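Undergrad: Generate the whole structure from the sequences, applying the supplied hints.
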Amino acid sequence: MCGKQHGRLFHVLSAYSKFRDRTHSRYGALLRWKHKEFGVVPPGIFIPWLEMEPCFFELGNWIIEQALTDGMEVRKIRPDFVVNVNISATQLENHGFRQAVVDILKKTKFPPEYLCIELTERCKNMDIAFLKNELEYFRKLGIKIAIDDFGTGNATLNLLTELPIDELKVDMSFVRGIQESKPNQVLVQAVVSCAHELGYKSCIEGVEDKTLFDYLHRYGSTYYQGYHFSRPVCLEDFKKLL
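Taken in order, the sequence shown gives residues 51 to 292; the numbers are from our numbering.
A portion of the hints provided could be inaccurate.
Computed Cβ-Cβ distance ranges for the label pairs, DEER-style [said to hold, decoys possible]:
| no. | residue 1 | residue 2 | range |
| --- | --- | --- | --- |
| 1 | Thr261 | Lys126 | 29 to 39 Å |
| 2 | Pro98 | Asp177 | 19 to 29 Å |
| 3 | Ile178 | Gly146 | 19 to 29 Å |
| 4 | Tyr187 | Lys290 | 28 to 38 Å |
Calculated lysine-lysine pairs in the DSBU-like style (CA-CA distance at most 35 Å, straight line) [claimed, not checked]:
| no. | residue 1 | residue 2 |
| --- | --- | --- |
| 5 | Lys289 | Lys251 |
| 6 | Lys126 | Lys190 |
| 7 | Lys126 | Lys157 |
| 8 | Lys68 | Lys289 |
| 9 | Lys190 | Lys157 |
| 10 | Lys159 | Lys290 |
| 11 | Lys159 | Lys190 |
| 12 | Lys251 | Lys156 |
| 13 | Lys68 | Lys251 |
| 14 | Lys126 | Lys290 |
| 15 | Lys157 | Lys289 |
| 16 | Lys68 | Lys126 |
Please keep in mind that the hints were generated in silico from the structure rather than gathered at the bench.
From a predicted model like this one, the values you see are computed outputs, not experimental measurements.
Note that CB positions come from ideal geometry on N, CA and C, so glycine has one too.
TA: Here is the structure:
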């Protein structure tokens with residue numbers, strides 16, 4: 051399956067730090083590719099290519115299952131733990147995706163109300179009526195919905211009025227150099243404030259060090275994510291962070 055059967059693809063867990071108590075109350079499951087010559091390849095390089103492959107639907111479901119299997123282990127330590135997973139347009143467009151998610155939830159025994167699915171870039175360019183219908187199905191199961199990289203690409207304001215959303219994630223491109231960029235400061239504050247006014251949670255991505263976190267702390271985002279808290283790690287290493 052796209053190299054997974056040969057051990058080249060694997061998943062890691064990226065911690066979210068909670069604003070109020072700075073604990074790790076959730077993680078995002080991320081896909082990685084270990085190339086035999088080039089080492090670990092950044093996902094921005096291989097994910098767009100993989101999404102065009104027939105095997106990606108099956109691979110995406112495998113990632114969800116692995117994330118929830120790991121999540122059940124973490125929930126033994128922290129019962130309120132939440133798992134975030136990215137979903138692609140390829141998955142949503144597949145007629146078998148709804149049932150695949152239901153089957154994975156049953157197999158892993160993971161409670162759906164502690165699962166949050168994140169819409170990746172191409173999802174935001176789908177027919178809005180179709181996308182709304184699919185997301186409402188998952189919301190009825192108790193699953194939460196997040197818009198990833200909000201403020202970039204096709205992540206426009208009309209998504210907030212049309213879709214059942216629970217969380218906005220501020221793209222890391224707005225965080226780089228934010229101390230010196232007034233436009234970025236205003237945009238980050240606007241997204242976080244908009245999320246909270248609408249009753250959503252918020253997450254600021256790309257928090258790479260303590261200096262940046264100390265600066266971003268003023269925005270009061272629900273969660274923060276980045277290397278300052280931990281690089282993406284395997285399950286056993288993640289449990290040591292709790």
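Undergrad: Decide, hint by hint, whether the structure agrees.
TA: We went through each hint and held it up to the structure:
1. At about 35 Å, the CB distance of Thr261 to Lys126 agrees with the hint of 29 to 39 Å.
2. A beta carbon spacing of about 21 Å between Pro98 and Asp177 agrees with the range 19 to 29 Å that was offered as a hint.
3. Between Ile178 and Gly146 the CB atoms are about 22 Å apart, so this pair conforms to the stated range of 19 to 29 Å.
4. Here the CB-CB span from Tyr187 to Lys290 is close to 37 Å, well matched to the stated 28 to 38 Å.
5. With a C-alpha separation of about 24 Å, the suggested pair Lys289 and Lys251 falls inside the 35 Å cut-off, and the hint holds.
6. Using a Cα cut-off of 35 Å, the hinted pair Lys126 and Lys190 holds, with the two alpha carbons roughly 26 Å apart.
7. As the CA atoms of Lys126 and Lys157 are separated by approximately 17 Å, the hinted pair is consistent with the 35 Å bound.
8. Taking the CA atoms of Lys68 and Lys289, the gap is near 16 Å; set against the 35 Å cutoff, the hint holds.
9. Of the supplied pair hints, the one linking Lys190 and Lys157 holds, its CA atoms being roughly 19 Å apart against a limit of 35 Å.
10. Note on Lys159 and Lys290: the hinted pairing holds, with a Cα-Cα distance of about 23 Å set against a maximum of 35 Å.
11. Restraint check for Lys159 and Lys190: satisfied, since their Cα atoms lie roughly 17 Å apart, inside the 35 Å limit.
12. Simply put, Lys251 and Lys156 have alpha-carbon atoms about 27 Å apart, close enough for the 35 Å limit, and the pair holds.
13. Pair hint Lys68 plus Lys251 holds up; C-alpha atoms about 11 Å apart against a cutoff of 35 Å.
14. Taken as a hint, the Lys126 and Lys290 pair is honoured in the structure, with Cα atoms around 13 Å apart against an allowance of 35 Å.
15. This hinted pair checks out: Lys157 and Lys289 have alpha carbons roughly 22 Å apart, not beyond 35 Å.
16. At most 35 Å may separate the alpha-carbon atoms for a hinted pair to count; Lys68 and Lys126 meet this at roughly 19 Å.
In this structure, every one of the numbered hints holds.
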